[in-house]
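Just so you know, the protein sequences line up as chains A and B, in that order.
The first sequence begins at 1 in the numbering used here and counts up by one.
The second sequence begins at 1 in the numbering used here and counts up by one.
Bear in mind the hints are in silico, worked out from the structure with no lab data behind them.
Among the hints, erroneous ones may be present.
Said to hold, decoys possible - Using C-beta positions, here's what the derived DEER-type ranges look like:
1) B:225 / A:310: 52 to 60 angstroms
2) B:257 / A:116: 52 to 60 angstroms
3) A:256 / B:53: 31 to 39 angstroms
4) A:38 / B:53: 49 to 57 angstroms
5) B:261 / A:59: 45 to 53 angstroms
6) A:175 / B:46: 41 to 49 angstroms
As the list claims (entries may be wrong) - Selected chain B positions facing chain A (in silico; Cβ < 10 angstroms):
7) 91
8) 188
9) 191
10) 192
11) 199
12) 203
13) 243
14) 244
15) 245
16) 248
17) 249
18) 269
19) 273
20) 274
Keep in mind that this is a model prediction, so the values were computed, not measured.
Even for Gly, the Cβ is constructed at its ideal location relative to N, Cα and C.
Chain by chain, the residues:
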Amino acid sequence: MSARPEVVAEVANWLESRAGLRTLTRAIAATPSGRTWWLGATALIAFALQVVTGMLLLVYYVPAPDRAFASAQAILWEVPFGWLVRLAHAQGASALLAIGIAHTVLAAVRADYKQPRELVWVCGRILTLLGFVAALTGYILPWSQLSYWATTIATSPLAKFPLVGTTLVTLARGGETVGGPTLSRAFVAHVVALPLAAIALFALYGRLIARARRIEMRRGTRAIARLAGDPRARALEVSMLVVVYLAVVLALVIYVPSLAFPLHADRPADPLDTPNPIHPEWYFLWASELQRLIPDLIAALPWSHGRLAAAAGWIGELLPLAIIGGAPFVLLAVPFVDRGPERDPRRRPVAIAVIVLTLASLAVLTSLGAHE
Amino acid sequence: MKRAIELAAATLICLALLGARTASAKQAAIDTCVACHEQEEDEDVAKAVPEWRKSVHFAAEVTCDGCHGGNPRAKDEDDAHAESAGWVGTPGWKELPTFCGACHESIAHGFADGNLGDGFEGGGIPPTCVDCHMSTGHDTQHANAKEILSDPLPERLRGLPQLAQARRDVLALVQRETVVSKRVAEVSARALPPTGLARDLRALHDGWAPHFHRFEPAEFARADVEARAALDTVESRSAQLEQEAYARARLGEGGIATLTLFFAVLAGLRSRRDP
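So that you can see chain B by itself, here it is in the shape it has in the complex (with noise of 0.2 angstroms):
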C-alpha cells in the first residue's frame, strides 16, 4: 500500500510538473521587459506585449530582444537598455528594412535594391515592412499580397507608379495560387503519403514572393510566367494523384465490402455450432 501511494505522488508530482512546464516555456517569452513594459502607464508603451502576444514573432518564440537587444534578464532599467548589452532601441523609418533584416535577411536585400528601396532616394517615404506587416505597430504578420494589393490600399503604396501592373498581375496569380493550394490540401489527404505536392507550391510562393519585395514590374511579369507554369504542373500532378486515390479507395472498399460479407458467414457458421 506504502509503495502504490508513493507512485501515486509521483504521478502527481508528474502531472505538477506538466503544469509548471506550460509556466516555464512561456517564462522564455515572458521575461523583464514584458514584466515592466506590461505595467507602464503610458499606454503607446503598454499596448506593445499585447500586440506582440498575436504576432508570429511570439509563435516563433522570438522576443522583445531578439529585435531590440538588450538583456531581458536584467533586473534595472539602464542595465536592461544599455548599449553594450546590444541595445538598437526602436528604428527609425528609414532604419526599418536593416532592423528587420537583420533576421530576414535576403527580403531586405531585395528590398533595398528594388523599387520600394530606391523611394528613400531624395529624402521620399516608401513603404517598408511595417505597411504591409505590422498594421499597428508590434502584431507583426504573414502578409497577403491579396490583402495588401485589394482596396483599401495601404497609405504608403497608393502613389506607386508600378501598382497598376502589381495589381494586375500579383492578384490575379494570388487567386491561382489560392485556388491550386485549396486543391492541393483535398488531394494531399487522399493521395498516397507523400505528394511533395504541398513542398512543391511552398517552392512556388517562395520564388516569386520576393519579387513583390522589389515590386519591379519586368519581374512580376517574368515571376507570373514562371508560377504559371509552375501552378499548372502542380494541378495536372493533383488531377493525376486524385484519380489514383479515387481508384484505391474504391477498391480498399470493395475489400472492406468482401471482409465484411465474410465476417457475416464466419458468425454464422460460428453460431451453429452453440449448443
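Same shape as in the complex, but just chain A (with noise of 0.2 angstroms):
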C-alpha cells in the first residue's frame, strides 16, 4: 500500500468518504458462499455481456419492420467488428440460457429450495425464465424469415384458449398479424423492460441468498464455506470467471458462427413466403415438438374419431399449451410442495428420479424436435 502514488490514495480515500465503496466490497467479499457460487457468478457475468454487447447492437439497430433486417444485416457485414459483436449477443443469449438451465438442475438436485430459501429458488427462477421471454423477444428483431414465422409460429397458439383466445394474441402481435407493432413490442421488452427487470432480481436474489446462507450458519444446518473477506482474493475469482467466459464466447464466435443462425434467418420477412421447415432454437424445441406430438397422440386414439372427434381435436391443441404455460408455475411451486428438511440427494431418490425423468423427457423431444 505504502508504494501506491499517494494521488492515487487520496482519490481512493476521497471515494471511501463519499460513496464508501471500500466497504461495500468487504461486505460483498465477507458474505459466506456456497460451493456453486461460480455458477450464479457466471450468470451474472453471461448478463453483464448481453447488455454490454446489446448496447452497442442498439447504436445501428433499427427497430422498423423496413430498416430492422437491413440494419440488423450491416451490423453482421459492413460495420466494423459488427459481426463479433452480434455473434456475441447471439451465442451469448444461448450460453445465459444454458448457464440458467444447469443453475436450475444443480439447486434442485441440492434441494437449494427448501427452508429458508424458498424466496432464492423463486427468484432465481424467475430470471431464468426471463432469460427465455428475453430470448424470445431477441429473436424477433432482426426481422428476417425466421423471425417472422417463428413469431407467428409462437403466438398462434395462444388463440386457441377459450374466451380470451383472441384477446391473448392481439395483446402479444399488436394486432392480428405479426407486424410493426409487434417488432415495436418486442423491442421495447428485450431492450428496456427485460433488463430493468433483470437487474431488480439479480439485486434481490444477492440479498435473499446472502439472508439465507446468514440463517443456515446460524442453525448449523448446512456447511458453507466463509471465505476470508479478502476483497482482492474474491475480485480475482471473478475476474477468472470473466475471463473464461469471454474465451468461450469467442471459441463459439470463431469455431461455430453457424449456431447462433438456423435456416430462413437470411432473407428478410416477408408474410406472403411461408418458409418449411421452421426450426425454433434448441431451448424451445422441447415445446414445438410437444405440440405436435400431442395432437397426433390423440388422433392416433380410437375414440378420437366419430362423435368425440371435435373434443379430441380440442383436447389435442389445449394439452400443450397448458403443459407449456403451467410448466413455470410448476417450478415456480417446487418449493412449497417438496417440504421436507432433507437435502442430501442420496436421500432423496423420489426428487432425483424426478428430475432425471424430466431431463429425460425434455432431452427426448429436443432430439425429436432437431430431426423433425
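Both chains are sitting in their own frames, so use the hints and assemble them into the complex.
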C-alpha cells in the first residue's frame, strides 16, 4: 500500500469517504459462499455481456419493419467488428440460457429450494424464465423470415384459449397478425423492460441468498465455506470467471458461427411466403415438439374419431399449451410442494428420479424436434 | 412423497407418450394400403412397400394415396380402390408424365414440351420419370444427372439423338457444380452466416435442371453458359468469404490466447493470496 502513489491513495480515500465503496466490497467479499457460487456469478457475467453487446448493437440497429433486417445485416457485414458483437450477443444468449438451466438443475438436485431458501429459488427461476422471454423477444428483432414465422408460430396457439384467445393474440402481436406493432413491443420488452427487471431481480437474489446463508450458518443446517473476507481474492476469482466466459463465447463465435443463425435467418420477413420447415432455437425445441406430439397422439386414439372427434381435436390443441404454460408455475411451486427437511440427494431418490426423468423427457423431445 | 410419486408417474407417462408419438407419426404413413399390400402373396405387389420405404416420397410423408388416390382408411378393398374415392390406379407408360405431373407440374410441362415428350409421337416409347427416378418401381429418388448420363446408360436413353451433346455439356457442368458444392459446404461452416451461397447454388441448380427434362441441345448450351457464369460468381464469393473467415479465426485465436495468458496471471495472483 505504501508503494501506491500518494495521489491515487488520496482519490481512493476521497471516494471512500463519499461513496463507501471499500466498505461495500468488503461486505460483499465477506458474504458466506456456497461451493457453487461460481455458477450464479457466471450467470451474472453472462448477463452483463448481453447488456454490453446489446447496447453496442443498439447503436446501429433500427427497430422498424422496413429497416430492421437491413440494419441487422449491416451490423454483421459492414460495421467494423459488428460481426463480433452480434455473434457474441446471439451465442451469449444461448450460453446464458444454458447456464440458467444448469443452475436450475443443480439447485433442484441440491434441494436449494428448501427452507429458508424458498424465495431464493423463486427469484432464481423467475430470472431463468425471463431469460427465455428475452430470447423469444430478441429473436424477433432482426426481422428475418425466421423472426417473422417463428413469432407467428409462437403466438398463434394463444388463439386456442377459450374466451380470451383472440385478446391474448392481439396483446402479444399488437394486432391480428405479426407486424410493426409486434416488433415495437418486442423491442421495448427486450431492450428496456426485461433488462431492468433482470437487474432488480439479480440484486434481490443477492440479498436473499446472503440472508439465507446467514440463517443456515446460524442454525448449522448446512456446511458453508466462509471466505477469508479478502475483497481482492474475490475480485481475482470473479475476473478469472470473466476471462473464461469470454474465451468460451469467443470460441463459439469463431468456430461455430452458424449455431447462432438457423435456417431462414438470411432472408427478410415476408408475410406472403411461409418457409418450411421452421425450427426454433434449441431451447424451444421441446415445446414445439410437444405441440406436434400431443395432437398426433390424441388423433391416433380410437375414441378420437366419430362424434368425439371435435372434442379430441380441442384437447389435442389445448393440452400442449397447458403443459407449456403450466411448466413455469410448476417450477415456481416446487419449494411449496417438496417441504421435507432432507437435502442430501442420496436420501431423496424420488426427487432425483423426477429430476432425471424430466430432463430425459426434455432431452428426448428436443432430439425429436431437432430431427423433425 | 405422494406428490413426488405423482410427478414421477406423470414424467413416465410423458416418456411413454413419446414412444407412442413415433408410432402415431408412422401411423400417418402406414395406413390400410400398407397393412394389406405388405401381406400380399403376389411378390410384385408386396415389394412396393419396402421399396417405397426407401424412397424420397416416404421421407416427405407422401403416402400411397398421394399418387394413386383411393381411400387409405377404408376397411374394405373395394372401398379403398373406388373411383369415387379418387382412385387412379397404376398409370400406363404414356400416362406417367401426367401421373407424376399431378404434383410435379412444372417438370411435367417441360417434359411434354421438350424432346422427350415428343418421343411419344408415332407410338414411340421415350424415357419418362421412371427411367431416371425409380429404378425398381416405387423407390423414387432424386436423380443425379452425372449418374444417369454415365455408362451404363438407362436403356431408353441410348437411342436419343441429343445424347452425345447432353453427355458432353451436362456432365461437364455437373462436375463443376460438384466441386463448387463441396467448396460452398466447407466455406459455409467457417464463414459468417448467412452466406447465401447454398441458396445461390440451389437456385442455380433449379435453374438448369428443368433443361434436363426438356432435353433440348440449344437449351443445354445456353444453360451451360449461364450456369458457368453463376458458378464463377459463387466460387469467387466463396474465396472472399474464406479469406474473411480465416482473418476472423486468427483474430479470435489471438484473443483466446491473450485471455488464456491473462487467466494464468490472475490464477498466479490469486494463489499468492492463499494463506
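Against the structure shown, which of the earlier numbered hints fail to hold, in ascending order?
2, 5, 6, 7, 12, 13
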